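Protein sequences, first through last, are from chains A and B. Just so you know, we're using UniProt numbering here: the first sequence kicks off at 1 and counts up by one. Just so you know, we're using UniProt numbering here: the second sequence kicks off at 1 and counts up by one.
Simulated from the structure, these hints should not be mistaken for lab results. In this text the structure is predicted, and so the values were computed from the model without any measurement. Heads up, a few of these hints could be off.
[Claimed, not checked] Okay, the calculated beta carbon distance ranges per label pair: (1) A:235 with B:483: 50 to 60 Å; (2) B:22 with A:358: 36 to 46 Å; (3) B:169 with A:229: 42 to 52 Å; (4) A:612 with B:486: 38 to 48 Å; (5) B:505 with A:351: 52 to 62 Å.
Every residue, glycine too, gets a C-beta built ideally from N, C-alpha and C.
2 protein chains.
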Amino acid sequence: MTSDLLATISTPADVKRLTAAQLEDLCAEIRAALLEFGKRHGGHIGSNLGLVEACVALHRVFDSPADAIVFDVSHQSYAHKMLTGRAEAFRNAALFGTVTGFTNPDESEHDRFVLGHTGTSVSLACGLAKQRDMDDSSAIGNVVAVIGDGALSSAVAFEGLNNAAEQGGNMIIVFNDNEMSIAENHGGMYATLARMRESNGESEPNLFHAFGLDYMYVPDGNDVHALVDAFESVRDIDHPIVVHIHTTKGLGMDTDPEDVAHGYREGRCEANHWQDPIVQASSTSPIPSSEGVGEAQPGREESPHPADPSQGARKFYGQLAMAELEQRFAGEPGLVVVSPATPGSNGITREFRERAGKHYVDTGITEEHAVAFASGIAQAGGRPVVATSATFFQRAYDEIQQELSLNGNPVTLLSFGGGLSDADNTHSGAYDIGFFGNIPNLTCLAPTNRRMFLKMLDWSTSLTNTSPVVIRVPGQTILDAEIAGVDDPAGVVAAAVDARVADRSHPFDRYVVKHHGSRVAIIGLGDAAILAQRVADALAAGNDGRQCSLGAVLSDESFDRNLGAGATERRAFAGGHSPREAGEPIEASVIDPLQFSTIDEATLRTLPASHDVVVTIEDGQLEGGWGEKITAFYANCMPEAGVKTLNFGARKEFTDRVNLASLLDRYGMTVADIVADIRAVL
Amino acid sequence: MTSDLLATISTPADVKRLTAAQLEDLCAEIRAALLEFGKRHGGHIGSNLGLVEACVALHRVFDSPADAIVFDVSHQSYAHKMLTGRAEAFRNAALFGTVTGFTNPDESEHDRFVLGHTGTSVSLACGLAKQRDMDDSSAIGNVVAVIGDGALSSAVAFEGLNNAAEQGGNMIIVFNDNEMSIAENHGGMYATLARMRESNGESEPNLFHAFGLDYMYVPDGNDVHALVDAFESVRDIDHPIVVHIHTTKGLGMDTDPEDVAHGYREGRCEANHWQDPIVQASSTSPIPSSEGVGEAQPGREESPHPADPSQGARKFYGQLAMAELEQRFAGEPGLVVVSPATPGSNGITREFRERAGKHYVDTGITEEHAVAFASGIAQAGGRPVVATSATFFQRAYDEIQQELSLNGNPVTLLSFGGGLSDADNTHSGAYDIGFFGNIPNLTCLAPTNRRMFLKMLDWSTSLTNTSPVVIRVPGQTILDAEIAGVDDPAGVVAAAVDARVADRSHPFDRYVVKHHGSRVAIIGLGDAAILAQRVADALAAGNDGRQCSLGAVLSDESFDRNLGAGATERRAFAGGHSPREAGEPIEASVIDPLQFSTIDEATLRTLPASHDVVVTIEDGQLEGGWGEKITAFYANCMPEAGVKTLNFGARKEFTDRVNLASLLDRYGMTVADIVADIRAVL
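Extracted from the complex, chain A is given alone in its bound form:
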């Protein structure tokens, strides 16, 4: 391998021009590039290393985009991207991050969908094939779904498999069997798959035969020639077939001394799933942390400190929670942590899992099962905790509403990653307040520091609590504030709640007034509590708050750069408020609502007597969210009071890797904007 074959590949047609021998060289180049990309940039390197040969073989045999290839979850599409005109984004550090970690039609005609959640590729492929078979003028040829890396155990994947056989017609389902899910494979079918591998695909029961599907086994899924032969044999097939390829996740890492030193290749699949960069490329920002949402990030998990804040908020608060629960395991048999995969990223370390024993259950990538399962545990008297990302809880909406909330069973949902962030568009946490907050009978808690977080968890998992609870795990803004000591310096919130725990069955249903002021009351939910305090500080100081934002102080330069369009836009949206200006000092009231499931009418009723404006700030979508309910309360229930309300939060939109400061500015959620808007209505 001396020539630079990748430089000659700009479309799949170029793959077809290579000699058979060159295919191996191409695979080697891609693998080397992925290894280097992983070290410098990070990403889902392990599964992509395993799928290098399959991607080359797919583009050798099939004619994308006419032949449609759908990558499930699409986190395994790096080699595909490199073969479809995007290689430099993985090879040139200056271009790292210019393509997403998932397929994206905006990038290439070879990507038909934006996907980041698990299990839908077969259903999407059924749709493409259906349209092809309905429309004689359709340009679509073969339809290929690529699924695996744990995705097969996801609910909708089974629905897809079950419908594929019935639909009939050309469809090729490539099942990438790397013997791994994110942590490990879970479920009875994995023993069946192991027997199928051991028997060279001959054994029964064959899971795919059981769904009425034709089947082929490729034992060496990293042999590009074997894969080319297999795909050739099924190209233009007239019925659905599963091509079961056995690949090695992380293949190539073990030959790289730096990888070995970094511990990437240690036979643990979880450590192979998501990779942080070793060497930070100087010319680019690291891959957004959102891509790793719900994914294990190796090298950090084995921290000797059970809850080291430098790991970031997700792992820090997750580890804190697990440590608290672990102390109670011996005496509370029904205290069970349920994780529908991706434990590592939520601070559920391997050591914890081993120590927890039967108090920990990894159900695989099965959010629906996890919620219903927990509801069963709770109905039988236990106090289970289901831990996953806000974006993944979406998959169990119906079970959260029906099996959990309608049935009123005391399960605790620990929701990680809620709120605004630089996440990609498939993993955004901007929708969680509305998602959870409008379900009847579900208590939704939003702690504003670790002390409140653990207090809420302690209560929700106690026998005192008899109904379902979701706890929005604090984000980085809270963690930064805690480190800076500005979260609740006087301990007012904790003291107020402590007093209530003693004499109330629900200690979190009433808001806490952290500071009693007048004219303006600012209520900041969860992570937005920090911004609420900063707005109050700016009002009290009589300045315009230009140097503050939700997460941290912005540089003047970035502030000014970001401000322009956003502020103007917000002005227009907000009806032409006057531009921000300094003014007389205002001693505002600051309120921590603690929760977003009910309106604390009693507290709200007291405000108009001494306040002209009530401001709400939330770290998520306004529409359907929380703050507008407070506005509606005053409009409907106290119309005579004439109190003005202002709601700050995110627009109803999808965003894709927009940095947080830009988002906050876009939504008018800087201290300066909020101060200006408040002064404009006073």
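We have chain A; now place chain B onto it with these hints.
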């Protein structure tokens, strides 16, 4: 069979006291009672007839409630209810309707969950078993899940099966294989199940073996002795096992001349699934129509009139829609109707399905697959329509957000049964506005008569439309208004939209002012448009509107009876508005918003100039819904205008078979209440 054995059964212990021979008599009595109940009251008679012997055998062998029995969907639990102290509710016409059609812990300790959606029983059973195995003091013995009647093809059911084997420990999964789903079974696994039946359970691939589960086959699932033997053999088993019982749906109907005459027993499974009463029991109201949500109701489907309003709104508008689409099938290959089961109840008749051919796909009970499948069709250029109940679309929340809306594919979701009704708590349509309306990039249309409905469908399925759309199929309130000719008598809405279709890419994004008045503007969304008009009429007449409600004029008696508590409650909630009184005539503006996905800022900005109060009325939960967004708009974007807003809609709560008039009164949604509230703030 002469004695009345059922009268001697008040608990499962009584089943155990019978002789073996008496078990057959008991089954015969239950079957006779179910047949009579079905004729007089209606219900899921077919599947329950098939499960009579299994329920008797379960209670003969197992010791409920210590042994926990979880019925999937729980629509097959009638015989179980009759054996656990609730037989009279099925035998005494005066007591019909006093128990629900689903399991309910409020009714009996033998019911552990309220369930009405499909596929979660195995996961719930895993939870019960987990808690039992964690807690030495648990009273739970055997854990039994009863699943079948089409439920096995549901996504979460597979997740449950896959996790059951891994969990281990005692669990008995009774698979009721009646060879049927609601319409018919769909999917590749049904051929596998057929081979398993034909081979007396010996064939491979065995679907359950593929999931790592032990397995037993009972060929005659209506032989109570065979079932008792089978259950005895697995009682206290130390690992999960599937007991596959082959039953006959509707068994007993063919021996009943009246049934035969009514066409219940015609070898068509769909006609057996849900049964309307033949003879209306005089002493009780019919079983709420909500129980049949999404279920086929035989005897009406074969109407010679393609869209007969007497069938009710669901079928009427569904048939209208299908008739419109059908005309276009020949010329539009990508126009495909996708039904995740339950087609009959949505007016998708068997005749239509047969004529539609490949333009109709029943995917089985698989909402997630159906939405992703449709997204695939649309991505490939088609214009699919997915038709099901609002309550069932909940199951595909993540696919609607990710595969559909994030990807922006032009699928039309036809959502039936949205809005307030007397539905049971598992099938309520009260949450659909918030469910759909807060998803970015999803256009949400709420037609207020058939003309608008078909216009919207025509647009959403045309090539002009390039993004996903949900259409809230009009409900009975709209149909009644259409029949009475009061929906849009002057044709103002239709004319306005007609004008826009010609020159706008999105003809439904702007509200239509149906009547220009002053002081008060009333915006009624979808079905609530009728109530909005009636409020305007009452204001114009200067009366207090006491005789009007959303659906129909109530009798004075029922109005007064219902009014008391509800009105008082609303008063308190609404902050002590003055009691209703007649007043000066007010010529209010009446506005049809057409949609609930965006705020029509331009129209809203014009209102304050000539209106003091803007009123919103919606047919669903206020929190997270639509009207409060308009309140928030005025508060945030026109604070200087000082316009007052009032929002009418439902509370955030679960309701169970509360009649619509009572609900409307509870929520202050009568003409009288709304008029009074408006006059109070003027």
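- request: Against the structure, test the hints numbered earlier, and report the numbers of the ones violated in rising order.
  value: none
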